[in-house]
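Student: Residue numbers (my numbering), protein chains in the order written: chain R, 61 to 308; chain H, 531 to 870.
The reader is advised that the hints may include incorrect statements.
[Unchecked claim] Here are the simulated distance ranges between beta carbons:
no.: 1; chain 1: R; residue 1: Asp131; chain 2: H; residue 2: Pro677; range: 58 to 66 Å
no.: 2; chain 1: R; residue 1: Met272; chain 2: H; residue 2: Leu827; range: 52 to 60 Å
no.: 3; chain 1: H; residue 1: Val552; chain 2: R; residue 2: Pro179; range: 26 to 34 Å
no.: 4; chain 1: H; residue 1: Val625; chain 2: R; residue 2: Pro179; range: 22 to 30 Å
no.: 5; chain 1: H; residue 1: Val542; chain 2: R; residue 2: Asp131; range: 56 to 64 Å
no.: 6; chain 1: H; residue 1: Val625; chain 2: R; residue 2: Thr126; range: 21 to 29 Å
no.: 7; chain 1: H; residue 1: Val641; chain 2: R; residue 2: His142; range: 20 to 28 Å
no.: 8; chain 1: R; residue 1: His142; chain 2: H; residue 2: Val629; range: 27 to 35 Å
no.: 9; chain 1: R; residue 1: Thr126; chain 2: H; residue 2: Lys537; range: 32 to 40 Å
no.: 10; chain 1: R; residue 1: Asp131; chain 2: H; residue 2: Gly670; range: 53 to 61 Å
no.: 11; chain 1: R; residue 1: Thr294; chain 2: H; residue 2: Ala847; range: 55 to 63 Å
no.: 12; chain 1: R; residue 1: Val173; chain 2: H; residue 2: Ser541; range: 25 to 33 Å
no.: 13; chain 1: H; residue 1: Val641; chain 2: R; residue 2: Pro179; range: 31 to 39 Å
no.: 14; chain 1: H; residue 1: Val629; chain 2: R; residue 2: Arg195; range: 41 to 49 Å
Derived from the structure by calculation, the hints contain no laboratory data. Cβ coordinates follow ideal geometry from the N, Cα and C atoms, glycine included.
Here is how the chains run, residue by residue.
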Amino acid sequence: MSTPGEDGLRTEGLTKSYGGVRAVDDASVTFQHGRINALIGPNGSGKTTFFNCVTGMVKPDAGTVTYHGRDITGRGAHKIAHAGIGRSFQLCRVFPRLTAVENLLVAVRPGSVLRALAPARRKADVERAMELLTRVGIEHLADVEARDLSYGQQKLLELAGVLMADPETILLDEPAGGVNPALIERIGTLVRELNAEGRTFLIVEHNMDVVMSLSDHVVVFDRGRPIAEGPPDTVRADPLVLAAYLGG
Amino acid sequence: MRSASEKVVKSVGLIVLVAFVVVFPGIASDPFVLSVGVVIISYAVLATAWNFVGGFTGYISLGHAAYSGLGGYATGLLILRAEVNPWVALLLGGVVVAVLAVPVGIAALRVRGASFVIVSIALVLVLLLVFQSWESVTGGSDGLRVPRPFGPEVLRPEQHQRFFYLHAALLAVMLLCWWAIDRSRFGMGLKGIREDEDKARSLGVPTVRYKLAAFVVSAFFTALGGGLYALWFGFLDPIFQFSILVGSNMVLMSLLGGVRSLFGPLVGAVVVGYATEFFKAQYGDTQMHLVAMGVLLAAVVLFLPDGIIPAVRGLVARLRPKQASIREVTQEELAEEVRR
């Protein structure tokens, strides 16, 4: 693990257009290591596209992404995952016809061609998967297919899956979206614990209560680029931010 | 977790299957029945080979006849033009096709869903034209006569018998490979690709490499199936070798049996193969046999959308004593959450 406070994830002039729309427009942001960072902004301000560029799901048109000083721009998504960046998806994505424990086993990295042919249900891997399912509180559903889980349980499963790959930095796309208050609380507690263990977070979220209570640092996006950043309280009072949200 | 009773059922089923395959050539009443057996097991080989890519990754290739056809022609041409031993030719044919499958796979696997289906068909149509036109090498539309690997002293019924067992051996090897991949980390990655490819990528699965590996393995086995068929049948005609119908039969059989099950394609091949022959024998003098076939397929799609094996498994599970349902657990958990 790297030292807290140093620059972890960093983008420089990141740009991505779809047709005539610049979804991400010349965005330069730095996320310090060890923090819970929040990324907020009105709908369509480019937060998810920014996520997708950073995690290699789409190739940016211009600009660079660096992680601990290493250029990872345009690398394959699996390579970025190997570099230690994990992510969840907006609206939650799990492997519907795999069981909960299998959902986690997909994230086991074989390491070599020969080891890829080793059984997936190796004892050590299954134990680690069960530990993580226990941690998010759905270990009793280990052998249930993901499609049969409730939405909240799927969200927890997705988080456990991300953790299975043991990422140092975790990008969460709307972790509190569509779940009940009790579960929001649970996810929030998990994020804080994981952060205390040294994991950095970057969270896209619309629920302002969650953002304000959880994050150390807030970056506000509007029209594809950051317009303000700072501690939650400062950002909340920023006139530029208010204007962006109120459509000024 | 697997229950003990399920294991017993599986073991018994496997023993019955193997026993049937071993004794079938002995109890087949005449050479015709035996030859139908070879056709069906040949289809089982092709469908199982198809399922290495279809079942694991969810990429539906309608053009797998390209690889069976190429395997057949490669085997035949190596024997005829290079005077290679037929069995060596068969294996070499498989290797040649596997190597060819690498660039094809790299190009084709870039697109998903319906686009992939179209791309897979395109290759068969290209190969059909090439093998029909390139007469000096392939024999063109007149076809290619492939010499039999066994001497003239081996009579036709015994030919059928030997080829039935050869197909069975190949099928056994493939099933073993499929089973090994199914339980491996590689297999888990492939299933992740089938379920949600982008999600799998984000978790670190090298999807391009995994898909390509499954594709090449599938093409290799499909080519061996095509080559073995060529040695048995002794004649290749491009219009039958590079036919969309052959490829769609592989898909149909696999879907019918269940693409997520080891024995799904085999079961599908037996059902479709047997039904085809049965309907032909009953209504063969008119086109009614096609109608009957269509009705059967429609019924399966309507009532067993996941395939025969999952449907049977579901039925068995329903008849078993009830365990706690998921819903009950969920409510308990909800209550707990409220209490907190």
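Student: Confirm or reject each hint.
Tutor: Hints, verified against the model:
1. Asp131/R with Pro677/H: 58 to 66 Å: holds (59 Å)
2. Met272/R with Leu827/H: 52 to 60 Å: Cβ of Met272/R to Cβ of Leu827/H: about 59 Å, so the range 52 to 60 Å holds.
3. Val552/H with Pro179/R: 26 to 34 Å: At 29 Å between Cβs, range holds.
4. Val625/H with Pro179/R: 22 to 30 Å: holds (28 Å)
5. Val542/H with Asp131/R: 56 to 64 Å: Between Val542/H and Asp131/R, where Cβ atoms are some 59 Å apart, the hint holds.
6. Val625/H with Thr126/R: 21 to 29 Å: violated (44 Å)
7. Val641/H with His142/R: 20 to 28 Å: 25 Å Cβ-Cβ, so the 20 to 28 Å window holds.
8. His142/R with Val629/H: 27 to 35 Å: Since the Cβ atoms of His142/R and Val629/H sit about 29 Å apart, the hinted range of 27 to 35 Å holds.
9. Thr126/R with Lys537/H: 32 to 40 Å: Because 53 Å falls outside the window, the suggested range is violated.
10. Asp131/R with Gly670/H: 53 to 61 Å: holds (55 Å)
11. Thr294/R with Ala847/H: 55 to 63 Å: Hint holds: Cβ distance 58 Å, inside 55 to 63 Å.
12. Val173/R with Ser541/H: 25 to 33 Å: holds (32 Å)
13. Val641/H with Pro179/R: 31 to 39 Å: holds (32 Å)
14. Val629/H with Arg195/R: 41 to 49 Å: holds (46 Å)
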